[in-house]
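Per this note's numbering, the sequence shown starts with residue 24, numbered consecutively.
Calculated directly from the structure, the hints in this document are not laboratory data. Fair warning: there could be bad hints in the mix.
[Unchecked claim] Across the chosen pairs, the derived CB separations fall in these ranges:
| id | residue 1 | residue 2 | range |
| --- | --- | --- | --- |
| 1 | Ser38 | Phe206 | 48 to 54 Å |
| 2 | Asn73 | Val30 | 32 to 38 Å |
| 3 | Asn73 | Arg35 | 38 to 44 Å |
| 4 | Gly119 | Ser34 | 36 to 42 Å |
| 5 | Gly183 | Pro112 | 20 to 26 Å |
| 6 | Gly183 | Ser33 | 35 to 41 Å |
| 7 | Gly183 | Asp89 | 29 to 35 Å |
| 8 | Leu174 | Val30 | 15 to 21 Å |
[As the list claims (entries may be wrong)] DSSO-like mimics (lysine-lysine), calculated; alpha carbons at most 27 Å apart, straight line:
| id | residue 1 | residue 2 |
| --- | --- | --- |
| 9 | Lys178 | Lys42 |
| 10 | Lys25 | Lys184 |
| 11 | Lys190 | Lys178 |
| 12 | Lys25 | Lys190 |
| 13 | Lys42 | Lys190 |
| 14 | Lys190 | Lys93 |
| 15 | Lys25 | Lys42 |
We treat Cβ as the ideally placed atom computed from N, Cα and C, and that holds for glycine.
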Amino acid sequence: RKLVVEVSGSSRPWSAVRKAELNILRRLGFRACTPTAYHLLDRLLSDTLNAPGDRSAVGSEDMEWDNESKMRCSSLACFLLELCVIYDPEALYSSGRPPLLSVVSALLLSLLAHGAPRHYAQMLGEAIHLTESNRSTLTEIAEAMRNRWALEEQKSAVGGKAIVLEKWHRRSGCFDVSVPGAFDLRALTSGIQMPEKSFVPKAQPALMALPTSPKPRRLSGADLSALPTPARRSAGGPGGP
């Protein structure tokens with residue numbers, strides 16, 4: 024809200040903003056029922072952090088994670104996604120990357136920063152399979168988010184304008200976690216079973232040659248003279264009744 028007011032130069036820009044947004048959506052052919060990355064993140068947070076754990080798969084010491092930690096983790100994931108959508112959309116959507124890919128990366132980075140029990144990250148295996156992605160792509164997006172997060176923290180520390188960070192501080196308070204180092208990202212997908220096969224479309228195999236009928240034999244003069252033409256039928260010649 025503060026950013027819009029500053030950019031527009033008006034204290035009441037909302038009517039013009041809504042009109043401009045509707046025009047943009049019509050031009051893009053945007054359908055209101057299409058889920059955005061934010062909707063996908065809300066669902067993934069609900070399915071992951073609020074899902075009952077499987078005690079047969081993880082140790083009992085990793086099962087308990089208090090609700091306050093889950094809320095902080097959710098807020099940081101939302102912040103990371105918004106930050107990268109605004110400042111680094113190329114990292115999220117280049118080469119036709121699906122929105123779910125950036126959502127998974129944001130949540131994995133937040134789980135890593137909070138030192139969450141590993142089974143929460145492992146529960147994202149199905150979502151990762153849906154993205155048809157690999158470790159390097161997830162790490163690349165998480166690195167872009169990590170760099171932008173670090174830059175926002177640096178700007179805020181020296182009194183600069185870090186509008187997105189300040190917004191989330193007002194909404195949820197300080198995150199109380201440090202930006203993970205680049206070296207720490209090696210553990211981003213630790214313990215997650217990644218897709219084994221490549222989802223890149225393979226070249227279609229060449230079709231087997233269909234059997235072809237033999238070329239028609241060229242008729243000789245004797246063959247032509249034996250053809251039953253009307254004139255020959257009436258004269259009782261060759262080929263006639």
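Contradicted hints - numbers only: Of the numbered hints, 6 and 9 do not hold.
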